[in-house]
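Undergrad: Please model the entire structure based on the sequences and the hints provided.
One letter stands for each residue in the lines below.
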Amino acid sequence: MPVLATLSAIALLRNSSQPQPFFDPDLLRELLADGLSDAPDDTLAESMALAVDLKSVVERYRVSVDSGIDAYINASQGPGANKESLSRIFAVVDQERSKALNRIVRIRQRLVDVLDEQQWKAVFG
Amino acid sequence: MNMRVGRQNPLNRRDFLVMLTGASFTLITACSSLSRRRRSELDEAIADLESALKNIPPGNNADLLAFADSMRDQALAMRNANNAFAADFNKAAVERSTAGEELSELATKHQQARANSRNAFLQLQDELHAAVPDEYWSDILDVLNRRASIISPTIGSRS
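Just so you know, the sequences run in chain order A and B.
Each residue of the first sequence is one higher than the last, beginning at 1 in the working numbering.
Each residue of the second sequence is one higher than the last, beginning at 1001 in the working numbering.
These aren't lab readings, by the way, just hints derived from the structure by calculation.
A virtual CB, placed ideally from N, CA and C, is assigned to each residue, including glycine.
Not one of these hints is a red herring.
Below 20 angstroms or equal to it, Euclidean Cα-Cα: the simulated SDA-like pairs (lysine to any residue) are:
(1) A:83 x B:1126
(2) A:99 x B:1108
(3) B:1091 x A:30
(4) A:83 x B:1137
(5) B:1091 x A:118
(6) A:55 x A:30
Facing chain B, a subset of chain A residues (Cβ under 8 angstroms, in silico):
(7) 82
(8) 105
(9) 108
(10) 109
(11) 117
(12) 120
TA: This is the structure in structure tokens:
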């Protein structure tokens, strides 16, 4: 029964995945290109520049996660690994995650400033 | 709840290794990333864990199985919470009227809950590590590194 419950939970998660443009720079770029096809060139250019900034933020976070995984695995390679030592590793990843989310919020705010209501609706529906 | 177990070890060797490494990687993937690759890793780790649980005779090593069950459930709960946060954050973010402060509050609230869940999870893992007999440790490292090489190119190049 636990196996069935787990598989059901995984299936539900997969089916419930929704577009996440502010965590997915490539998706954001596609939405901007589609929604701003009639917008002035400078609006499109400014928006695309923000999508590039978002990509940089997301990539940087991914690098920090990869480093965290390496550190976790290294730290786990001995019976001395414990909650405190492993928590310290995740605290570093948490800091990077927090910075990344703050940067995403700022990028999104700049996009609010660049796009008027109609343009925003054309991009995000 | 104190689930620390003694040094007696009637567990099947392979199942024990799979259970421990599965639990470890469940933690890593649940905590770190929402990428498709890592979601797949989490599914594989959980599948390993489920497989090990199924193969261990009922009534044998109940404490270790309780560890593994708790870790699996908590990892899944963490992933659910992470997915829910990502969905909520993006749903709010695509609403033009949402203030930046609201998004920041959402992130902060989730970050705290996430850290609390992870600490509870690490405590379980701590107790599981303490229960690992010394003679199993080198084998555990072998399995850990083999799985690590799948998700971490750096680790893979070292092994």
